[in-house]
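Asks: Now for the letters of each chain:
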Amino acid sequence: MKKYVRVDGLVWVILGIAMCIGSIRLQLGSFHTPGPGFLPFLSGASLGFFGLIQMLSTLFAVANEQQQQNSHEGRMKWDWRKSLTPFLTLMTLLAYILLLEPLGFVLTTFVCLLLLFKFSEPKRWLMPLILSSVTAVLSYLLFSVWLQSHFPKGLLTFW
Amino acid sequence: MAGFFENLSLGCHVAFSVANLAYCFIGVFIGTLIGVLPGIGPIGAISMLLPVTFGISPASAIIMLAGIYYGAQYGGSTTSILVNIPGEVTSVVTCLDGYQMARQGRAGPALGIAAFGSFIAGTIGTIILMFVAKPLSELGLRFGPSEYFSLIILALALLSYLSHGSIIKAIIVAILGISLSQIGIDAVTARVRFTFGILELQDGLGLVPVVMGLFGVGEVLINLEESLNIEVFQARIKGLLPSVRDWADSIGAIIRGSFLGFFLGILPGGGAIIATFASYALEKKLSKHPEKFGTGVIEGVAGPESANNAASSGAFIPLFTLGFPSNAITALLLGALMIHGVQAGPSFMDKHPDIFWGTVISMYIGNAMLVILNLPLIGLWVKILKIPYRILFPLLLLLCIIGSYSINNSKFDVLIMVIFGVIGYVFRKIDYELSPLVIAFVLGPILETSLRQSLLISGGDIFVFFKRPISVACLAIALTVLLLPVILRGSRRLREKIT
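Top to bottom, those sequences are chains A and B. Sequential numbering from 6 applies to the first sequence in the numbering used here. Sequential numbering from -15 applies to the second sequence in the numbering used here.
Here chain B stands alone, though its shape is the one from the complex:
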C-alpha cells in the first residue's frame, strides 16, 4: 500500500508540473475542438500532432495525446445535442434524446448532464484503471511468446467480430495491416522484404503517414463529396446546471454507464461505440417509461455520454498492462511510446511509473478541465461549429502534410500519406473498416516476433500454441468469435425452416 501512495505522489508530481498541466490543457482543448468539429476525429488529430510530441518527454506526450482522446468524447456530445450531427461516432446515440431535448428548449441541461456525466464517468474509469492495472500487469508477466501470439490473434478476431460491417472484410483489412507491417528489413535475418528496390521503404512504412493518410486525408476526401452545411441550433442556451430532478433521473444512468463503458472499453474493437449503444439499451430496459426514449429523456443522454468517456479510460488497460492497443487511438499511443523508446507491456508500470501515474493523475485534472471548457465556454464551441468546411479542409490537409513531412524531412512520407489517403477514401466507399488495419499494422511486428520465438523455443513444434493454458484459451475464444456469425446464421435458418 505504501508503494501505491508513493506512486500516487510521483504521479501528482509529474502531472502537476507547469509544463504537463499546459500539455494536458492543450490536449483536452484540441480534443474538445475536434470533437465539436465534424469531419475530423481524434485519430486524425493525434496522428497530426504525433510529430509535435517528438521533442517533449514521453510522459508529456502521452498526457497530451490522451487528453485529445478523452477530450474528443466530451466535444462530440455538443454537436449531437445542438446540431443532431455526432462529432464522434461514440456520440451517435446522444443525438436521439439530446437533440430532442434541445428542440424542447432544454439544450442547457442536456449539455450540462453530458459534461457532468462524462466527468463522473471519467473519474470512476480512472479510479478503476488505477486499481486494475497492477494485478493485470502481474498476470501479463506470465505471458510468453506463444501467449502473446494467441492474444494478438484473439484481439484481431474480436476486433473483426465487433466491427460495424462485414466480418470477412474486417478480417481482410486486419491481414492487410499485418502484411503492411512486414515491409522493410527483417529484424532476424536482415533480409529486405517487399521494398521493390525503394530505399525509403527499408525502414518500413511509418505509422504516422499511414494513419494520417487513412484517417486524415481519407476523411477529408470523403467529406468533400458530401455537403457539410451545418445548421446550428439557434436558440440561446441557458440553464446549463441540471436541476435536482434531472440529477435524480440521471445519476443511476451515469453510474451504470460508467461501469459498463469501462469494461466494454477494454475489449478490442469499437468498445466505446458498443458501450454507448449498450448503455442506451440498458437504460431503456430499466426505465419505467421506455416509450419516451427518443423524445428527449435525460437518461438517454447521461448513460451513453458516461459510457463513452469511461470506455476511453478502459482502453488504457490493455495498452498499459499488456502493450496491446484495443482501438486505433491506443494503437497510435503505443506508436508514440515506441517512438520515444518506451516499451508498453507488463513491466511498463515498474519501469516507467512516471508515465503511468503521471497519465492517470492527468486524467483527473483533464476531466476537471473539460467540465470548465465545456460548460462556460459552450458559446465558443457553437461559434467554431459555424466555421464552413470549405475553409477547414485545406487547413486540415496542410497539417497532415506538415505532420508527415516533419518526421524525417522526407517527401516520400508525404507521398505515402497521399497513397494511404486514397486507400482510406476507397475503403470508406466500399465499406471496409480502417481500425483493424491500424491495430494489425502496429501489432504485426509483435505477432511475427512471438510466432518465430515460439517456434524456435519449442524446436519447431507447431502445436506449442495448444500446449499452454492461456494460449489455448485465447485461441479457443478467437475461434468461437470467428465462427459465431456462421453458427448464429445457421441456427436462425434452422429455426426458420422449423417454423
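If we strip away everything but chain A, and leave its shape as in the complex, we get:
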C-alpha cells in the first residue's frame, strides 16, 4: 500500500517531463510572442515540480506514516473482490461503445442494462429482463422520439 501511495508523485513527475518535451517540440516562442508550447511548458514544469514535492513528502514522511495509514484506511485498501463489480461495469461500458453501431441503440442498451442488473442480482433473471427491456424502450422513446437525439439504428432498422 505504501508503494502505491508513493507512486502517484512519480507519475506526475514523468507526465510533467513528457509535457515539457512535447511543449518544446510545439515551439515555446518568446516572452514577447508566446508560442503554442508556452503555457503547456509552464504547466508541465509545475506538474513535475509539485509531483516531486508529493513524491518526496510521501517518501520522507516517516513520522506521519502510521497516522497517514490510519487516515487512509478503508479508502486506500485496494480489495480486488470489492473492485470486481466496478471492473465488470467498466467492461460493460466498453462493450456498449463497441456494440452501439453494429447492434443499434435499443438492442445495445437492453443487453448492457441486462448485464448491469445481473451483476447485482446474479440468481434472478425475470426482474433484470423486465427492467432492462422497459428501460431500453422508455429511454428510446424519451431521448430519440421526444428529444430528437440521433442514435444508431443497427440491426433494428425499423426503430
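Any given hint could turn out to be false.
[To be verified] Partial pick of chain A residues on the chain B-facing surface, computed with a CB cut under 7 Å:
id	residue
1	Asp13
2	Leu15
3	Trp17
4	Pro39
5	Leu44
6	Ser48
7	Ala50
8	Leu52
9	Gln59
10	Ala100
11	Phe122
12	Ser154
13	His155
Please keep in mind that the hints were generated in silico from the structure rather than gathered at the bench. Note that CB positions come from ideal geometry on N, CA and C, so glycine has one too.
Chain A is already provided as a structure; the job is to place chain B on it using the hints.
Replies: Using the frame of chain A, we list chain B on its own:
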C-alpha cells in the same frame, strides 16, 4: 433606480413565462431528487442534463440548471435527518443534530426548519446577489488580461487551500485541469497540441464527457464497492411546521447562517461546505448550552441548512460578474453559457439582462417551489430513498452514456467519459479532489489567453503582473494562501520546541 426596476420587471417577465416556470420546477424537482438520493450529486446530474438544454434558450437552461443546484441543497437535508447519510457533502453537519432530533421523534420539526431555513436563506442570498452583482460587474470592467491572469491564479490557489485533503494534491489536480484544457488546436497559431493524431481531439476535450466521467461514472464505480443499503427512519413523520419555541431558537441561526453562507459561497473552493461547518461552529459558540449540540438541538440544523443554501446564491456572484466559477457546479454553468454562445463576465448583466434577472427571479420562485416540494411531499422522498442502488446505478450509467453521446453523436465522447470515469474512480481512491480539475479545465483557456495577451501588450515584460495594483494584490494573496500551511506548520513546530 429606474433601470433596476426595469430589469426586475424584465426578470419577472422571463421567469414567469410558462416555459421557464416549468423548467424551474423541473430543475428544483431533479435537484431535490438527487439531493435525496445518495450516490449522485448535483455535478453529475447537471452534466447529465447539460445536453438536454442545448435545444432551449440560454435563460431557460440556466434557470433549470441553477434549480438543480440549489434544489440539491434542500434535498440533501432529508437524508441527513432521516437516514444519517448526507445526500450532499454540504449536509454532513445536518446529520449531527438532525438525525438525533429524528430519533427523539422530532423528524418533522427538523425537516420543517431545514426547509424554511433554506427558503429564508435562499431569499436573503438572492436579494444580496441582486444588489451586489452590479457594483462588482463595474469593478470587473476595470480588469485587463493581467488582472484576469492573476485572479485565476488566486482562484486556483484558494481552491487548493480550501480543498479537504492535501494542498499539494489539489495543486497537482488543478495543473492537470489546465493541461487538459490545452489539448486541441491552439487558438492563436492554429497548431495542433497533444492530440496524438486523433482527429476527434482537435476540438479539445468536451466539458460534458469529462465531468460526466469524473462525477457520474467515477461516483457510480466507487459506490459499487461500498454497500449502499439504506435504513430509512421508520416512524411516521408528523408536525412538519416548527413550533413558536422552535422558531425562537432558530431564527437567529437562520439569519446568521444566511449571511455567513452567502459570503463564504463567493470563495472559490468548497464555500458551501465550509459555510455549513462555520455556521455550526458559530452557533455552538453563541449558544447558552453548547454541550447540547450533537444531541438534537434545532439550531444545529437551522444554521448549517441556511448556510448551504445561501452559499449556492453566493456562488453566482463571481460567475455572473467576472465569468469565474467558484466551484465545479458553477464551472458547468459557465460551460453551459459558453455552449449557448453567452460570455459570462463584467458585461454579462448589460448584454444579457434577460438571463441574469430571469435567473435571479426564478431563484425566488424556485425557493418557494422547494418549500412545497419538501414539506407536503416528504412521504414521496422517503419512498424514493428506499430504491435500491443496484437498480439505480444502471440507470445513472445509461443517462451518462446518452448524455455524452448525444452532444456530437460520437462514440469517442462516450469513450472519453469512460476514461475519465476510471480517472475519477482512481482519484477518489487515492484521495485526490476532483473539483479543482474541473474548474481549472474550464478556466484554462481564459488563463492562457490572458497570459499571452498580457505578455504581448507589455512587449514581453514578465513583470507586467506586478505592475498593476489589482494583479499584485491577487498574486500576493495567492502566494500567502499557498505558503500559509508551511508557515503554520513551522510556527507550530517552533512552539512545540519552545514548550
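Asks: Now tell me if each hint is right for this structure.
Replies: Okay, the hints, checked on the actual structure:
1. Because the closest C-beta pair between A:Asp13 and chain B is about 6 Å apart, less than 7 Å, the hint holds.
2. The restraint placing A:Leu15 at the interface with chain B is violated, with a minimum CB-CB distance near 12 Å, outside the 7 Å limit.
3. With its C-beta approaching chain B no nearer than about 6 Å, A:Trp17 sits inside the 7 Å limit, and its interface hint holds.
4. A distance limit of 7 Å between C-beta atoms decides the matter here; for A:Pro39 the minimum to chain B is near 5 Å, and the interface restraint holds.
5. Taking 7 Å as the C-beta contact cut-off toward chain B, the hint placing A:Leu44 at the interface holds, the least distance being around 5 Å.
6. Using the Cβ-Cβ criterion of 7 Å, the hint placing A:Ser48 at the interface with chain B is satisfied: the shortest such distance is roughly 5 Å.
7. With a least beta-carbon distance of about 10 Å to chain B, the hint placing A:Ala50 at the interface is violated under the 7 Å criterion.
8. Checking A:Leu52 against chain B: minimum C-beta separation of about 5 Å stays under 7 Å; hint holds.
9. At its closest, the beta carbon of A:Gln59 sits 5 Å from a beta carbon of chain B; the interface hint therefore holds under the 7 Å criterion.
10. For the restraint placing A:Ala100 at the interface with chain B, the shortest Cβ-Cβ distance is roughly 11 Å, beyond the 7 Å limit, so the hint is violated.
11. Of the supplied interface hints, the one on A:Phe122 holds, with its beta-carbon coming within about 6 Å of a beta-carbon of chain B, less than 7 Å.
12. Nearest Cβ of chain B to the Cβ of A:Ser154: about 4 Å, under the 7 Å cut. The hint holds.
13. For the restraint placing A:His155 at the interface with chain B, the shortest Cβ-Cβ distance is roughly 5 Å, inside the 7 Å limit, so the hint holds.
Of the hints listed earlier, those the structure fails to meet are numbers 2, 7, 10, in rising order.
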